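Trainee: As a plain string of letters, each chain reads:
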Amino acid sequence: MFHVKHDRRPDPHASIRSGENAPVTEQNSEPTVAVLAGGLSHEREVSLRSGRRLASALRGIGTVVREWDADAALIERLRTERPDAVVVALHGGEGENGSVQAVLELLGVPFVGTPAAACRRAWDKPTAKAELARAGLDTPDWVALPHATFRELGARAVLDAMVERLGLPLMVKPDQGGSALGAQVVTESADLPAAMVSCLAYADTVLAERFVHGTEVAVSVVEDGAEPRALPPVEVEAKGGVYDYTARYTPGATTFHCPARLDDAVLTALQETALTAHQLLGLRDVSRMDAVVEPDGRVQILEVNVSPGLTETSLLPTAAAAEGTDLGVLFGRLVERAIARG
Amino acid sequence: MPVPEPLRPSGTPVPSRPVERFAARTAGMTASEIRALFAVASRPEVVSLAGGMPNLAALPLETLAGEVAELVARDGQVALQYGSAQGVPALREQICEVMALEGIRADPNDVVVTVGSQMALDLITRILCDPHDVVLAEGPSYVGALGSFAAYQARVVHVAMDAHGLVPDLLREALRSLAARGVIPKFLYTIPNFHNPAGVTLAVERRREVLDLCAEYGVAVLEDNPYGLLGFTGRVYPALRSMDPGVLYLGSFSKTFASGLRVGWALVPPAVRERLVLAAESATLCPPTFNQLLVSRYLAAHDWRGQIKTFTEVYRERRDAILSALETYLPDGCTWNIPDGGFYVWLTVPEGVDTKAMLPRAVTARVAYASGTGFYADGFGSRQLRLSYCYPTPERITEGVRRLAGVLEAELDVMRTFGSAARPRPELQGPQAPSPDTT
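Which chain is which? The protein sequence lines are A and B, in order.
By this note's numbering, the letter at position 23 of the first sequence is numbered 14, and the numbering carries on one by one without gaps.
Each position in the second sequence, counted from 1, maps to that position plus 1 in this note's numbering.
The following block holds chain A by itself, in its conformation from the complex (with noise of 0.2 Å):
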């Protein structure tokens, strides 16, 4: 009996004898894809774990993978390596905000998650949170304000409403970007200008929400068949009590329950609010919706992100693995179906 070794490699005469504008990938057995890390927003740190993790996930299923950062080196890499598919690992500013999947569908380069128009729908959580409001789902309520209103009309007056509005504690942010960067629960109205201006270190306008008590989860959509899918959700118990950037990104500093640890009813609506979310604001192939239920069982959306992590500490991931889901198989789909797109 003889053993028969498959060599993987493409023939040099294939495209010869298949004619000479045979795709690459009539060719290879396995695309080649660019996962894209690192850019330069506060999350770098973040998405080049994101993006580590990922190719080592997606060369485990036996994908050729790139590594690039999102650089001025990076459209003529495009060009000229021609990559089957990108993956966008990039999280904050341009690799959520629309701009990198703006030119990936200028130069035409087939990529996984949300187009650009999308994105930057998503990524402004203020009309985000307006569009799914509008829909009649729930978001805890919000005011978003830019420095110079503070500015022009006084900033107490403003604070002062704000409280008188919404209550305390109040949730402060930046209106974009993510990590939990320059978020900060705030209790007391006298600690309002501080958390004011170390969110404004941030970004130019401050969202503050109705702060809401509850289980904190987040529901991951993977679209890896015919339909959009929710994940199981995955309820977070951070250890010091507060989710913020130490807590997610150190293990052991936050416990994950997936399932989450709450009747099936409220998982079940979870879900189809996250698939709901994903639909409305015309979210692809993968997003994750962060949300609290309420004591009552309501589903209060937090935000929505068109690039979810995929550290080691992320929930996406932690969601995959609880239903048995290999991440570079899952990716694996989400690169095919992108090429099938074109």
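Among the hints, a few may not be true.
[To be verified] Listed next, with one range per pair, are the computed distances between beta-carbon atoms: (1) A:Pro242 x B:Pro246: 40 to 50 Å; (2) A:Ala152 x B:Asp170: 49 to 59 Å; (3) A:Asp132 x B:His133: 40 to 50 Å; (4) A:Ala139 x B:Ala66: 54 to 64 Å; (5) A:Pro242 x B:His133: 37 to 47 Å; (6) B:Ala284 x A:Ala152: 38 to 48 Å.
Bear in mind the hints are in silico, worked out from the structure with no lab data behind them.
On a predicted model such as this, the values are computed, not experimentally measured, just so you know.
Beta carbons are placed, not taken as given, at the ideal position from N, Cα and C, and that holds for glycine.
Fit chain B to the given chain A structure using the hints.
Mentor: Relative to chain A, chain B alone:
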């Protein structure tokens, strides 16, 4: 077959993730928002005035390549083998020659070569400090030292500096106050020359007083001197160790030759040396033989004194660039010291500005600095920041300061909007003592 008794008493929860049962002393080793922001500093778009990376552009790399090749060809069997835990004897003799430039007369037998002086600092803390022991350090102090002290659960009491370094009266006050509570600090950790981060130098006339005070209270002195030979005026200050053989002394080739080789040393009295060598042996078996032999060849065959002069010129040019840019661009209310050696300017920003909270704004503006709180063990320093001028070109330094000025203006604008209520608590803005500002 009998079933063995379970070793774990019933009712004791079984840790679900055994690898995450960390020691209590690592509680502070967590992900940090500020550290994450520094990831952006590595991108070329950002002018990083944050890290204290030595400028190696002036090193004769081709000559060094020849040395490396010859070292492998001629002495490879030794260079690539384990060595003595105390370090290569020939190098220890050469280290004594280097220290002689600062007035130190030393016996090579009292020199312990380590993986950078950071390792010596860590090991000396390990052999001297029990948890909760008190260590005195200048305020501000070197962040790497604070890390080591924290790792061994030592408590740091800061003593403030002024433009002439550690203030003896404040040191006396600290020693007296601690003694009144029955506390004798294990040692005073000090960087007398071209301080990191404060940029100041301990006045010669204060040196004897500091040593006498520590002797009076039975406190050892740990002198860290990586920058001593990098003065811009040609003046070399006498090391504390040159005035008192009981001083524990740390030296390094990181700033005078090549930081990547990680070759530093400790010069300590024999009683300390014995334990230090044993501690070093348990940590690394021995310092890298190859790197030690390369440093030794470099010192033997090259004009290392001339190379230090070249480095000094590189750093002086950059110091001049940053001082000129600070003068040109910074808003009123900022003060800074004028370093006459080393790598750093210590900047105090207008009252109310929190340099740690301002860092994201700086990163957005593509400039990075090290906020002051990292250089204190007690949360002070929110009004200060460290600027390193050692690495970028003078043009980049100027551009970085210009950007920083814009960041400060924007932050001050926000501060004005939210008024005094937005200011950090005054007790955290800095010690109620002279600051190392001179302008």
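Trainee: Give a verdict on every hint.
Mentor: For each hint, the structure was consulted:
1. Between A:Pro242 and B:Pro246 the CB atoms are about 47 Å apart, so this pair conforms to the stated range of 40 to 50 Å.
2. In this structure, A:Ala152 and B:Asp170 meet the distance hint of 49 to 59 Å, their C-beta atoms being roughly 51 Å apart.
3. In this structure the hint that A:Asp132 and B:His133 lie 40 to 50 Å apart at CB holds, the actual value being about 48 Å.
4. One distance hint, 54 to 64 Å for the beta-carbon pair A:Ala139 and B:Ala66, holds here, with the actual separation near 58 Å.
5. The hinted window of 37 to 47 Å between A:Pro242 and B:His133 is violated, with their beta carbons roughly 28 Å apart.
6. For the hinted restraint 38 to 48 Å between B:Ala284 and A:Ala152, the CB-CB distance of approximately 60 Å leaves it violated.
When held up to the earlier numbered hints, the structure conflicts with 5 and 6 and fits the remainder.
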